[in-house]
Amino acid sequence: MLDKNGIAKRIAKEIKDGYYVNLGIGIPTLVANYIPEGINIELQSENGLLGMGPFPFEGEEDPDLINAGKQTITTLPGSSIFDSAMSFGMIRAQKIDLTILGAMEVSENGDIANWKIPGKMVKGMGGAMDLVASAKNIIVAMQHVNKAGESKLLTNCTLPLTGVKCIKKVVTELAVLDILPEGGFRLLERAPGVSVDFIKASTAGKLIIEGEIPEMVID
Amino acid sequence: MINKVVAGADEAIKDIVDGQTLMLGGFGLCGIPENCIAALVKKGVKDLTCIANNAGVDDFGIGLLLQTRQVKKMISSYVGENVEFERQLLSGELEVDLIPQGTLATRCLAAGYGMPAIFTPAGVGTEVAEGKEVRNFNGKDYLMEYAFDADFALVKAWKGDTAGNLIFRSTSRNFNPVMAMAGKTTIAEVEELVEAGELDPDQIHTPGVYVHRIFQGQKYEKRIEQRTVRKKD
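Heads up: the protein sequence lines correspond to chains A and B, in order.
The opening position of the first sequence corresponds to residue 12 in my numbering, with each subsequent residue numbered one higher.
The opening position of the second sequence corresponds to residue 13 in my numbering, with each subsequent residue numbered one higher.
These are calculated hints, taken from the structure and not from any lab test.
Predicted model only: the values in this text are computed from it and were never measured.
Treat the hints with care, since some could be wrong.
Unchecked claim - In the DSSO-like style, the derived pairs of lysine-lysine whose C-alpha atoms are separated by at most 30 Å in a straight line are: (1) B:Lys234 - B:Lys144; (2) A:Lys176 - B:Lys144; (3) A:Lys24 - A:Lys147; (4) A:Lys24 - A:Lys211; (5) A:Lys176 - B:Lys152; (6) A:Lys134 - B:Lys244; (7) A:Lys24 - B:Lys54; (8) A:Lys15 - B:Lys54; (9) B:Lys85 - A:Lys127; (10) A:Lys24 - B:Lys244; (11) A:Lys134 - B:Lys144; (12) A:Lys15 - B:Lys243; (13) A:Lys131 - A:Lys176; (14) B:Lys244 - A:Lys15.
As the list claims (entries may be wrong) - Footprint (simulated), chain B over chain A, 3 or more residues, beta carbon under 8 Å: (15) 45 to 59; (16) 95 to 105; (17) 123 to 134; (18) 138 to 145; (19) 167 to 175; (20) 223 to 230.
C-beta atoms are modelled at their ideal positions from N, C-alpha and C, and glycine is treated no differently.
In isolation and in its complexed conformation, chain A is listed as follows:
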């Protein structure tokens, strides 16, 4: 079973040289720590920056330079800055190669719910609906089951949707799965020490298992 950093490490292996990547809040943010040597990418922050750098050194914070999580950050050589409309323009026009974001639920037909829990304070969708509706390549980083042990990979989402039929790949603490165009989670890899039967028991949506399922290679 993977911890959050393990999920981030596995997702980092999906990133290819030359990619422009948008990372959501939570586990996706950790992916930036595990970009393989020799892979050059640019991170997009949807408040209006391409080429996001690390946090500033103490005392060098610039209140005018933040990321979409409102954290102080830095630029890198080659960075560019633009307004919010252009930022979502490049997302809508599919100039961003890969979007990595978290989810509360994903369904077997690729629907995602990650912005609202009825009865709880709703903070808003931010840029999530724009990202999932437009991105050509989305990887969801999420927990396979909730704290009560119930599956979050479902036949149909129960929470209000963020987007429909848009998710193609999911990485959890248990497995890597892709979502087939005709519906269903196809099991691609198992987390170290996790059995196919355990993944079966943890997946409420339709699970497709073809042949031997290899264990993930993380490091």
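With chain A held as given, fit chain B onto it using these hints.
Chain B only, in chain A's frame:
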């Protein structure tokens, strides 16, 4: 050269009245029109509809207008860093219209470009789509979203000149240029106001034609919402 300069925030916002719709630039607390917000609090106009990506924090940004109950409705993409906001929302004192961030930005852009509506895939198949026209282009569904119609846009720039031309700094640009284009009347507050001719025309982000009033803010606190740093080795 047309001169857009007004003495200060109080004069700039003097004709904003109860019940009007305002756009306020900024992302989080970054690039917000601090001086205009302070002047609105002082003036006490109420029942405002505020179009802004966020609603500030309890004691800064739009949070200040919430504390004084001057806001009737927020149109935002992400809110709730704010206890008073939550209280007013749950008690029904405050209306909130949550819309996707890209839709928010592009509805501003449409207003500034003279286009009545846009088509975006954001929100298709979700509750955001309820009651909206859906059109299919090249096999994909899009929602029709209308251009915003705001009485005033309040924006914050780094530098501006007496002709109203604006230059923004770093990610404090965010929503400011598109809101500047979108207001029926646009008020720009700047950190440094210079004479027309001192800014390089090639470097202008917002042409002065979109800006009706400009002034240099008295002071800028520029509060940081999430201070994140790394240690020097």
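Exercise. Check, residue by residue, whether the stretch 45 to 59 of chain A contains three or more positions whose beta-carbon lies closer than 8 Å to a beta-carbon of chain B, and give the verdict.
Key: holds (count 4)
Quiz item: Three or more residues of the stretch 123 to 134 of chain A near chain B by CB distance under 8 Å?
Solution: With 3 residues in contact (Cβ-Cβ under 8 Å with chain B), the coverage given for the stretch 123 to 134 of chain A holds.
Quiz item: Does the alpha-carbon distance linking A:Lys134 and B:Lys244 stay inside the 30 Å limit?
Solution: violated (35 Å)
Self-check item: Pair hint A:Lys24 and A:Lys211, alpha-carbon separation not exceeding 30 Å
Solution: Measuring from Cα to Cα gives roughly 24 Å; hence the hint holds.
Quiz item: Between A:Lys176 and B:Lys144, does the CA-CA distance stay at or below 30 Å?
Solution: Roughly 20 Å separates the two Cα atoms, so the pair holds.
Quiz item: Keeping to a limit of 30 Å between CA atoms, is the pair of A:Lys24 and A:Lys147 held or broken?
Solution: Cα-Cα ~18 Å, so holds.
Exercise. Test coverage of the stretch 95 to 105 of chain A by chain B using CB-CB distances below 8 Å; three residues minimum.
Key: holds (count 7)
Quiz item: Quick check: the stretch 223 to 230 of chain A, covered by chain B? Criterion 3+ residues, Cβ under 8 Å.
Solution: violated (count 0)
Quiz item: Taken at face value, is the distance from the CA of B:Lys144 to the CA of B:Lys234 at most 30 Å?
Solution: Distance of about 38 Å is beyond 30 Å: violated.
Quiz item: Is A:Lys131 within 30 Å of A:Lys176, Cα to Cα?
Solution: With Cα atoms ~25 Å apart, A:Lys131 and A:Lys176 stay inside 30 Å; holds.
Quiz item: Are the Cα atoms of A:Lys15 and B:Lys54 separated by 30 Å or less?
Solution: violated (48 Å)
Quiz item: For the stretch 167 to 175 of chain A, does the count of residues with a C-beta closer than 8 Å to a C-beta of chain B reach 3?
Solution: holds (count 5)
Checked against the numbered hints given earlier, this structure breaks hints 1, 6, 7, 8 and 20; the rest are met.
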